[in-house]
Amino acid sequence: MKHVLAILVENKAGALTRISGLFSRRGFNIENIAVGETVTPGIARMTITVEGSDPVIEQVMKQLHKLVNVLKVSNLSKEPSVMRELVLIKVRAETGSRSDIQQIVETFRGKVVDVSPDSMIIEVTGTEDKIEAIKMMLDHFGIREIVRTGKVALLRGAKITREA
Amino acid sequence: MMKEKMLKGSAMILKALELEGVDQVFGYPGGAVLSLYNQLYDSSLKHLLVRHEQAAVHAADGYARVTGQPGVVFATSGPGATNLVTGIATAYMDSVPLVLITGQVASRFIGTDAFQEADITGITLPITKHNYLVKDIKELPFILSEAFYLASTGRRGPVLIDIPKDVFDQEAPFAYDQKCHIAGYNPTYSGHAGQVNRAVKEIRDARRPVIFGGGGLIRSSADQALRELAETAKIPVILSLMGLGAFPGDNGLFLGMPGMHGSVAANYALTETDLIIAAGVRFDDRVTGKLDSFAEKAKIIHIDIDPAEIGKNVMADIPIVGDVRLVLEDLLRKLKPGDTGKWLKQIESWQEKYPLPLGSKKVERGLLPQFVIRELSRLSEPNTIVATDVGQHQMWTAQHFIVRTPKRFLTSGGLGTMGYGFPAAIGARFAAPEHRVLCITGDGSFQMNIQELATVVNNNLDLTIALINNRSLGMVRQWQEFFYEKRYSHTLLAESPDFVKVAEAYGVKALRAVTEEEATRAIEEAYQLKGPVLIDFVVNPGENVYPMVAPNHPINQIITGGDL
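Sequence lines, in order, name chains A and B. The opening residue of the first sequence carries number 1 in our numbering; numbering runs sequentially from there. The opening residue of the second sequence carries number 1001 in our numbering; numbering runs sequentially from there.
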């Protein structure tokens, strides 16, 4: 099963390496990873998607906790949460296919953010399912390049993931 | 308020060591630490100069295992720092507190592949509890106090501080707070009361309980609590290699070590038990054998300060995160002993039926290593500190040398580092000046840090080196005999030097024993002498370590002797 972990970490030199190194060293596979500043200066939030059984994920979380720079680890897959990923897709777009592409983009509530004579860049945000779906639809026109931010997630409601 | 004094980096380090109560460090100078060694020149801090940086870490490790306080190491950048790596990994695997201070190339050269530059914080990331690269002199005071705090609390471990050459000479205000607060680091010390109560109930109801203890007992000084628990509730005790000494080796409730080279009684007990009280152990593969068939009938109470150890290899029915001593003391206050009479009789019959093998019975056997270890044990005072290297002699020592008190048996259990024993014994010499220090080593292991003969001579250290010389890398040879059709690929060390002559060339008194009578006489003589002594015990090269459980086999499938 896939688990989405939120990790609050002191934004110090090497902190990121410590975390990613731990995954490879102990044989845990990172599916994707997203990092950014939080509202508290000096504290970054990492969202890591990792595949594994419950005992494996428990071990991952315990090992992460042991890292001195890690302040908090929570498994957002265990609670109601909002998960999103942003993707930029460069798709082949000759004059004849543009309107078809445009229609698909609208259906998925995406945006065309760049156009050139023979290609377009599409921005789309959503869950994994949605992104897979639009990818499949655009594949037909020829996807030339794709870049994904990695999944980010927040707990639903007023609850927040805090440092302590 | 007193105005904070301005100090330069080198002075800060020595001041911090003084405030931490450190009076002995181990190290080796070099370009990047010239300033630190210059500061040391006028200091009262004692520094042991080794002959290879690896020996400095192992010596500090031996010192730390005996005193319980962090061992401190100085080394220079680049090769000085990378030479520490094996020692750091050794300490990390065995949870030994160390603070390592390495020099780094000057700040402006970092990242340029400068002379003697190595990214030691990067290299040691997976083998330190934490590490630091000091970029700003103002951070040095709190980094020093954090390093000592991290190394010596929670699950102990090595912490490395890498300091660029220029930072040693920069000045900043020095305020030192030993009670530092680290946001992401809050070890749990006392066990959860509800879980402890459940454990009490399980102990009362168990009919075939065992205590299985490890290195955690020693790090947390839980030996008294353990003894009281075992003796009050009449529960037999099994200790892992790392735990030896936490319970008296000559106590009637002691079953020895479990696992690959454990006693038959210990392995049978772990197989038949209905309750394992696991204290400060991590269920290493050398202990459990085939995991699926390990302790199938048992409930497991697992006490450890590191939550990540619980549920890592075996699932615990009652997990208790906390300091082993505090948890055992809590258990003792609530303890309701169960009836273990029948179980103890069963164990006794196993012990009688399967005593430890004493070696091959052939007439032409020559000197048996098992005999040598037993003689060393018989002739050593109870508080003798024994440091071993790694291999057959290590297992024979674990089996046949009776360790009665904690912090007296030093061995590289987790990493299995050949070359550990001799320098660790040197460190122990400084940790306990009033007690005998004995290094039991092999001809393979000893040659991995043989250069330290110079260190023991220069410092006239009272130390006995018992070299179990079988002219081979015995443990690997044993595996080749059992599992690789006796194809002894590169394990026979026929061309070894004459160790007596080598020792004498360094100025170390040396003896040789090839018979049992000579062995006994050599030990007696060595124990009368002052200064370093080496005894070259020329033993039967074909001896194997028994009992043995083949890797990844159930631990009740034991070979007690003979060919496989």
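Just to be clear, a hint being listed does not mean it is correct.
To be clear about the criterion: a stretch of chain A counts as covered by chain B if any three or more of its residues have a C-beta under 8 Å from a C-beta of chain B, and this derived list gives those stretches [what the hints assert, rightly or not]:
id: 1; stretch: 52–62
id: 2; stretch: 69–75
20 Å max Cα-Cα, derived EDC-like pairs, lysine to aspartate or glutamate [stated by the list, open to error]:
id: 3; chain 1: B; residue 1: Lys1135; chain 2: A; residue 2: Glu10
id: 4; chain 1: B; residue 1: Lys1201; chain 2: B; residue 2: Asp1284
id: 5; chain 1: A; residue 1: Lys2; chain 2: A; residue 2: Glu132
id: 6; chain 1: A; residue 1: Lys62; chain 2: B; residue 2: Asp1119
id: 7; chain 1: B; residue 1: Lys1312; chain 2: B; residue 2: Asp1284
id: 8; chain 1: B; residue 1: Lys1312; chain 2: A; residue 2: Glu51
id: 9; chain 1: B; residue 1: Lys1138; chain 2: A; residue 2: Glu10
id: 10; chain 1: B; residue 1: Lys1509; chain 2: B; residue 2: Glu1485
id: 11; chain 1: A; residue 1: Lys12; chain 2: B; residue 2: Glu1231
id: 12; chain 1: B; residue 1: Lys1312; chain 2: A; residue 2: Glu10
id: 13; chain 1: A; residue 1: Lys2; chain 2: A; residue 2: Glu31
id: 14; chain 1: A; residue 1: Lys62; chain 2: B; residue 2: Asp1317
id: 15; chain 1: B; residue 1: Lys1312; chain 2: B; residue 2: Asp1292
id: 16; chain 1: B; residue 1: Lys1008; chain 2: B; residue 2: Asp1119
id: 17; chain 1: A; residue 1: Lys12; chain 2: B; residue 2: Glu1139
id: 18; chain 1: B; residue 1: Lys1234; chain 2: B; residue 2: Asp1205
id: 19; chain 1: B; residue 1: Lys1008; chain 2: B; residue 2: Glu1231
id: 20; chain 1: A; residue 1: Lys12; chain 2: B; residue 2: Asp1119
id: 21; chain 1: B; residue 1: Lys1345; chain 2: B; residue 2: Glu1524
id: 22; chain 1: B; residue 1: Lys1312; chain 2: A; residue 2: Glu58
id: 23; chain 1: B; residue 1: Lys1334; chain 2: B; residue 2: Asp1169
id: 24; chain 1: B; residue 1: Lys1299; chain 2: B; residue 2: Asp1205
id: 25; chain 1: B; residue 1: Lys1046; chain 2: B; residue 2: Glu1524
id: 26; chain 1: B; residue 1: Lys1138; chain 2: B; residue 2: Glu1117
Hints in this document: simulated from the structure, not taken from any laboratory. Note that beta-carbon positions come from the ideal geometry of N, C-alpha and C, so glycine has one too.
Results for each hint:
Note: the stretch 52–62 of chain A has 4 residues with beta-carbon separation from chain B under 8 Å; the three-residue rule is met and the coverage holds. Residue count for the stretch 69–75 of chain A with a Cβ under 8 Å from a Cβ of chain B: 3. That meets the three needed, and the coverage hint holds. Between B/Lys1135 and A/Glu10, the direct Cα distance comes to roughly 17 Å. Compliance with the 20 Å bound is thereby established for this hinted pair. Of the pairs offered as hints, the one joining B/Lys1201 and B/Asp1284 is violated, with about 27 Å between alpha carbons and a cut-off of 20 Å exceeded.
With a C-alpha separation of about 16 Å, the suggested pair A/Lys2 and A/Glu132 falls inside the 20 Å cut-off, and the hint holds. A threshold of 20 Å between alpha carbons decides the hint, and for A/Lys62 with B/Asp1119 the separation of about 27 Å lies outside it, so the pair is violated. Simply put, B/Lys1312 and B/Asp1284 have alpha-carbon atoms about 10 Å apart, close enough for the 20 Å limit, and the pair holds. Taking the CA atoms of B/Lys1312 and A/Glu51, the gap is about 17 Å. The hint holds against a cut of 20 Å.
Between B/Lys1138 and A/Glu10, the direct Cα distance comes to roughly 19 Å. Compliance with the 20 Å bound is thereby established for this hinted pair. A distance of roughly 41 Å separates the Cα atoms of B/Lys1509 and B/Glu1485; the hinted pair therefore is violated under the 20 Å criterion. Only pairs whose Cα atoms come within 20 Å are accepted, and A/Lys12 paired with B/Glu1231 is rejected, the gap being roughly 50 Å. The hinted pair formed by B/Lys1312 and A/Glu10 fails the criterion: a straight-line CA distance of about 26 Å is larger than 20 Å.
Our distance criterion of 20 Å between C-alpha atoms is met by A/Lys2 and A/Glu31, whose separation comes to about 9 Å. Among the hinted pairs, A/Lys62 with B/Asp1317 is consistent with the structure: their alpha-carbon atoms are about 18 Å apart, no more than 20 Å. The hinted pair formed by B/Lys1312 and B/Asp1292 meets the criterion: a straight-line CA distance of about 14 Å does not exceed 20 Å. Simply put, B/Lys1008 and B/Asp1119 have alpha-carbon atoms about 24 Å apart, too far for the 20 Å limit, and the pair is violated.
Proximity of A/Lys12 to B/Glu1139 is assessed by CA-CA distance (about 13 Å); at most 20 Å being required, the pair is judged to hold. Proximity of B/Lys1234 to B/Asp1205 is assessed by CA-CA distance (about 13 Å); at most 20 Å being required, the pair is judged to hold. Using a Cα cut-off of 20 Å, the hinted pair B/Lys1008 and B/Glu1231 is violated, with the two alpha carbons roughly 55 Å apart. Restraint check for A/Lys12 and B/Asp1119: the C-alpha separation of about 17 Å stays at or below 20 Å, so the hint holds.
A C-alpha spacing of about 38 Å is found between B/Lys1345 and B/Glu1524, which places the hinted pair above 20 Å, so the restraint is violated. Taking the CA atoms of B/Lys1312 and A/Glu58, the gap is near 9 Å; set against the 20 Å cutoff, the hint holds. The straight-line distance between the Cα atoms of B/Lys1334 and B/Asp1169 is roughly 57 Å, outside the 20 Å bound, and the hint therefore fails. Using a Cα cut-off of 20 Å, the hinted pair B/Lys1299 and B/Asp1205 holds, with the two alpha carbons roughly 11 Å apart.
A distance of roughly 32 Å separates the Cα atoms of B/Lys1046 and B/Glu1524; the hinted pair therefore is violated under the 20 Å criterion. Distance check on the hinted pair: B/Lys1138 and B/Glu1117 sit about 23 Å apart at the alpha-carbon level, beyond 20 Å; violated.
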